[in-house]
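Here the protein sequences come in this chain order: A and B.
Quick note: the first sequence uses my numbering, first residue 1, plus one each step.
Quick note: the second sequence uses my numbering, first residue 281, plus one each step.
No wet-lab data here; the hints were simulated from the structure.
Heads up, none of these hints are tricks.
Lysine-lysine pairs mimicking DSBU-like chemistry, simulated, CA-CA at most 30 Å apart: (1) B:Lys562 with A:Lys131; (2) A:Lys79 with B:Lys562; (3) A:Lys79 with B:Lys485.
Output of the computed footprint for chain B on chain A, the stretches with three or more beta carbons under 8 Å from beta carbons of chain B: (4) 100–109; (5) 119–128.
Using N, Cα and C, we set each Cβ at its ideal position, and we do this for glycine too.
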Amino acid sequence: MTDIQATDAASGAGGTAEDDAFRVIEARELCLTFETNDGPVHALSNVDLTVDRGEFVSFIGPSGCGKTTLLRVIADLEKATAGTISVNGMSPEEARRKRAYGYVFQAAALYPWRTIAGNVALPLEIMGLDKAERAERIARNLELVNLSGFERKFPWQLSGGMQQRASIARALAVEPDLLLMDEPFGALDEIVRDHLNEQLNQLWDRTNKTVIFVTHSIPEAVFLSTKIVVMSPRPGRVHDVIDCNLPRERTLDIRETPEFLEIAHRVRDGLRAGHAYDDE
Amino acid sequence: MSRSVPLTVLAGGIALLAGLAIQIISADAVWSPSYGLAAALLAGSYLLAIVWRHGAAAAFLLLATVHLAAIPLIGHIGHGEGEMGPAYWALLISGWLAAWTSVTRLTAAARAVPPSAKQAINLLIPFVFGVWLILIWEAVTRGAGVPQVLLPAPSAVWAKLIASLPILWADFVQTFMKAVIAGYVLGCGIGFGTAILVDRSPFLKRGLMPVGNMVSALPIIGVAPIMVMWFGFDWQSKAAVVVIMTFFPMLVNTLEGLSASSAMQRDLMRTYAASYSQTLLKLRLVEALPFIFNALKINSTLALIGAIVSEFFGTPIVGMGFRISTEVGRMNVDMVWAEIAVAALAGSAFYGSLVLIERTLTFWHPSNR
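Just chain A, same shape as in the assembly (with noise of 0.2 Å):
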């Protein structure tokens, strides 16, 4: 085990009471098992994780690791069946009623047949605000995602690059503090996932939001976060938390650099270690 310190601090969350004020979720004991005609599948087991204003999570590890249904639950699309978990202190069906989240999916997942701007309109005309509010808030984030000029054009027109960034704008608009990312840019292909990641991070760093984001790249998840969650599959829960104290302001360069390379040794380390036991 090479990460006392960092299992240590997950395990003491909880904390003291100023420290509930920045807190944006808190898990503990969070059991998901779900009912197979092969038996129970235990996708999350026993999962405790702390996530305060600000930070950039993500969570790593291999397929059927729970990483996916973690966040699903934060998001309230999938209800724990034990333990507690809170959303900026609420239950995450209260968050989600309040709108405190913006969801990124693993598709871009746009309407067909609304243009650009119309897909990013879309939460706001659910929201019920009026229509200068919404070409106000799709002109500033289809801007803050580089698409501006796009509004009119269908999302079958667009790259799954840009189809992604707009997806991304959808979810900005809603202007949660707390953005869910599921595996945004794995469909994509690596430079064009470099520069999203870049821009991601820029994005972050300016906004000042928190952001929780599945991925099963190492570098990604390197280069993106603040914290990393490894974890491991069958029953899928936290093995490793790890974090990441490179400047907020990156460039790509910084994959170069020995502490970078130092975080994502450690990374893998964590993530080999999680499921040594599949190969014996």
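Chain A is already provided as a structure; the job is to place chain B on it using the hints.
Structure of chain B alone, referenced to chain A:
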């Protein structure tokens, strides 16, 4: 060079020569200047087909010559209705093969022209096909003297249609404008509304679907007389039959369409805390549109069939189904065909306008963009 002469040209040329030979040898073959003119024009078009093979201009010239030949070809029948022999049939086959050749050439030429012209050619081809279907129908019925009761010539149907426009219009209003439209709107509307309710409530799904299934299996000839007893002789009973016929396809298709949206898209609406009706209006119904239009298209033909057939079971003395059943009894088959022509025209226009609306509303669907 003969190896590169297409089979249609070869066969058509042989048919032309055979027809001319029979015309000269046989004493009882009907002769007229029209025959000579048709044969000369066809000979010209075959020469053209062999000498000038490529390009749109060649294809259009061939097309024009062939259709010019069709005029004396039909005109010749007037010189001996029902007395046409092998000499004429060989010429008819030759003419048909020449038309075939011209369409083949046109299709080949269409590859090399701009898209707008290509679209025009693509419309022209089925038109030429339809024209020759009617030409051959006309030539065979009149040339061989087919009894009117079996199959009237298209010209006879046309003459009847023009002569009885007021009757046909009254029948059209009674059957199409009243029974079909009312029944179609009601049936599709109720089917759609039921689908929304069934989608909302699992209880209704279990209770209503078997009943709906059963209703759709009811034979129309069993239902129609009952509807006449319930709703009277006029168009209302026919509309009721149409409602029964169109209800179920709409119900099933809409239900299927409502579950067409992906789990991710529904999750997205959930993260926005969207209400049931917001999800329904902004996502699920839009996603269901292709399915709903499918039902609308199926129902457009079902409705017409239902309204016409149910008029066989009691009706006031007007209506397309009524006219068909009585004129058949009086051996006025040309009137029956005139009604069929009206029904075909109305049905196609109905269907076609639905397709146009569908294209504008589902422009975003992968099959349309």
